[in-house]
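Enquirer: Dock chain B against chain A, hints included.
Here is how the chains run, residue by residue.
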Amino acid sequence: MAEDLLQQLVNGVAWGGIYALIALGYTMVYGVLKLINFAHGEVYMVGAMTGYYAARSFGLAGAPSLLGLVATLAASMAVCALLAAIIERVAYRPLRSAPRLAPLITAIGVSLLLQNLGQLVFGADPKFFPPLLESRNVFEVGKLSVSNVQLAVLGTAILLMAALQWIVMRTRFGRAMRAVSFDAQAAALMGVPVDRVILGTFVLGAVLAAAAGVLVGLTNPKIDPLMGVLPGLKAFVAAVLGGIGNIPGAMVGGLLLGVIETFVSGYLSSTYRDAIAFVLLIAILLYKPTGLFGTTQTEKV
Amino acid sequence: MSRRWLVGGIGAIAVVALACGSGREGGAAGPEPIQVGHYASLTGDTATFGQSTDRGLRMKIDEINAAGGVLGRPIEIITEDDRSITEEARSAAQKLLQRDQVVALLGEVASSRSLAAAPEAQRARIPMITPASTNPKVTEVGDYIFRACFIDPFQGAVMAKFARETLGADRVAILFDFKQDYSVGLADFFRKTFEASGGTIVADERYTSGDIEFRAQLTKIRATKPDAIFVPGYYTEVGLIAKQARELGIDVPLLGGDGWDSSKTLEIGGKAVEGNYFSNHYAADSDRPEVVAFVRAYRERWGETPDAMAVLGYDTGGILADAIARAGSTDPEKLRDAIAATRNYPGVSGTISMDENRNARKDAVVMKIRDGAFRYEQTVPAF
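If you read the sequences in order, they're chains A and B. Numbered according to my numbering, the first sequence spans residues 1 to 301. Numbered according to my numbering, the second sequence spans residues 1 to 383.
Derived by calculation from the structure, the hints in this document are not laboratory data. Note that CB positions come from ideal geometry on N, CA and C, so glycine has one too. Heads up, a few of these hints could be off.
[As the list claims (entries may be wrong)] Heads up, simulated SDA-like pairs for lysine to any residue below, C-alpha to C-alpha not over 25 angstroms straight-line:
1. B:137 to B:355
2. A:127 to B:370
3. A:127 to B:87
4. B:161 to B:200
5. B:225 to B:274
6. B:271 to A:274
7. B:192 to B:206
8. B:179 to A:143
9. B:225 to A:138
10. B:220 to A:280
11. A:143 to A:263
[As the list claims (entries may be wrong)] Stretch-level coverage of chain A by chain B, calculated; a stretch enters the list once three of its residues show a Cβ under 8 angstroms from a Cβ in chain B:
12. 125 to 137
13. 268 to 278
Bound-form chain A, shown alone (with noise of 0.2 angstroms):
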């Protein structure tokens, strides 16, 4: 009993390790812009495919090695962070002055487009990934088991984010990010260059979400191009739960959220695992808009 309810904590923690490093990409730019990126699931998508496409071509499909890993997540976070600039620079941008429900729209419009080009390109098949790592269980006790191919995934987790958080913290970099999200306009006139810095923050999420794509691939190896819209709007929900804008919270809310649903679908009922998500994200916009770790903002007059 005991040994069950502590697997089902080590699934949903994997689980959710996956869904913080999307999250991490929406709350940033929300930091930053206010605006939700909801491109950011389709980047996660692009980011497998592109792991996907470089594992095979380095050769790794017969042939798991650590090296190999470390190369495909580099390969892929290099092309998500080009598209995620792009995207930036094209899509976003122009739209800097106008109303908020302006850059809305056109985040959900280059969602569908990314979905599309994905299907065009990358052809509607499910794809599977290659094992990049030799699938065995690392630590066994009773019957507790938990794999080589989850502590990776759960190490590369907590290892970016140790970054990400160090990067906003310790950084010149990381401070004029926290100072464009507190004020963009006193930091334009502080000199801190604005555009620049919203051009990282867009590069820093797509690289963490490309590492998501590429670690998808490893636990649970079917990518299709349409996999980023479900993961991507949870992921989004980890971000409100944990309050967006808030970075610790957004690691926190993934991690939640992919144990509640490891917990709903092993003790309730799976049929309930999707809904459980949009539920959750009604209760706190009704009960607690901030999320856990928000911090109410007065209005400035």
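Expert: Just chain B now, with coordinates in the frame of chain A:
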């Protein structure tokens, strides 16, 4: 919605363009071809199903045309892709019925998609034969709907008996796809037979087509200590389920139905699907001469071993051509009566007779996955 229209529109233009092109080339010479519509999942989650039936079907039709066609006319297959989406199956069928005015409609493999399209054929009073949809509801739609395969009450019973008698299982867990009529029905019939023969269903878990994470359900199943797990789903999810089950240390055999029959099961599942069993329409490694000849010809043309969907596509083409010849015309009502009168048609998947409910009565085989291939295990005669 607009996306679907756009894609559909482009598809339609492409198909019309193709049809015009081929019409100009071949139309002037011979007699007018008999047009038959095939809606199939050429892309999407169950792409191998549609690709296989289409290949099998085309092979049979080419053989018939090479031998002079039927009623002195060649048969032309018009294939419409439904991208493995239920609603698309319906519009694909509509296109074939209205735009192309086909004399018969063939398709689908997935029961949910056949069920979406069948009312269109019934309303238009055009005979439809599904090659591989096993859910009983499909042919219950109306008297113009037929199938070339057995039905799930039989298939579910086959696997329940196999689990009980051959594997000696007392406790079985079920994990099924509750979005697919096929999976829901098969789980249901398995449950009934297995419990009637004294076994216990210890867990009844669900998933949804398109899911990639099954560890929560599998952990729950693991706690019930089953002797086997029945997973009556389609190959994409089955491969992932097998992998995650083995990772969680579940080493009892997984059992399934004909939805497993795709080379993708082996590609996705790898070592994790070894030692599992599923019921099927035919065994490629059988030594029956019809099967041997078919497998050789199919490999020559398409470069791969035919799966059951390819065989059923081939047999469906044969049943239709045979019925057109016996009807002596392509009049839909005469054609319907001729298909209904099919008796002892010598198909590759077995001898096919239509019963009074327009279902084919046929034997089933149980396959085992061993050394990265599907191996024949035993035959279960029709009952």
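Enquirer: If a hint holds in the structure, say so; if it doesn't, say that too.
Expert: Results of checking the hints against the structure:
Taking the CA atoms of residue 137 of chain B and residue 355 of chain B, the gap is near 15 angstroms; set against the 25 angstroms cutoff, the hint holds. The straight-line distance between the Cα atoms of residue 127 of chain A and residue 370 of chain B is roughly 24 angstroms, inside the 25 angstroms bound, and the hint therefore holds. Of the pairs offered as hints, the one joining residue 127 of chain A and residue 87 of chain B holds, with about 23 angstroms between alpha carbons and a cut-off of 25 angstroms not exceeded. A distance of roughly 13 angstroms separates the Cα atoms of residue 161 of chain B and residue 200 of chain B; the hinted pair therefore holds under the 25 angstroms criterion.
At roughly 20 angstroms between alpha-carbon atoms, residue 225 of chain B and residue 274 of chain B fall within 25 angstroms of each other, so this suggested pair holds. Annotation: proposed proximity of residue 271 of chain B to residue 274 of chain A is violated, straight-line Cα distance about 30 angstroms (limit 25 angstroms). Of the pairs offered as hints, the one joining residue 192 of chain B and residue 206 of chain B holds, with about 17 angstroms between alpha carbons and a cut-off of 25 angstroms not exceeded. The straight-line distance between the Cα atoms of residue 179 of chain B and residue 143 of chain A is roughly 31 angstroms, outside the 25 angstroms bound, and the hint therefore fails.
Under the criterion of a C-alpha separation no larger than 25 angstroms, the hint pairing residue 225 of chain B with residue 138 of chain A is consistent with the structure, at around 23 angstroms. Note on residue 220 of chain B and residue 280 of chain A: the hinted pairing holds, with a Cα-Cα distance of about 24 angstroms set against a maximum of 25 angstroms. Between residue 143 of chain A and residue 263 of chain A, the direct Cα distance comes to roughly 18 angstroms. Compliance with the 25 angstroms bound is thereby established for this hinted pair. Three residues within the 8 angstroms Cβ limit are the bar, and the segment 125 to 137 of chain A against chain B gives 6, so the coverage statement holds.
For the segment 268 to 278 of chain A, the assignment as covered by chain B holds, since 5 residues bring a beta-carbon within under 8 angstroms of that chain's beta-carbons and 3 suffice.
Against the hints set out earlier in the document, violations occur for numbers 6 and 8.
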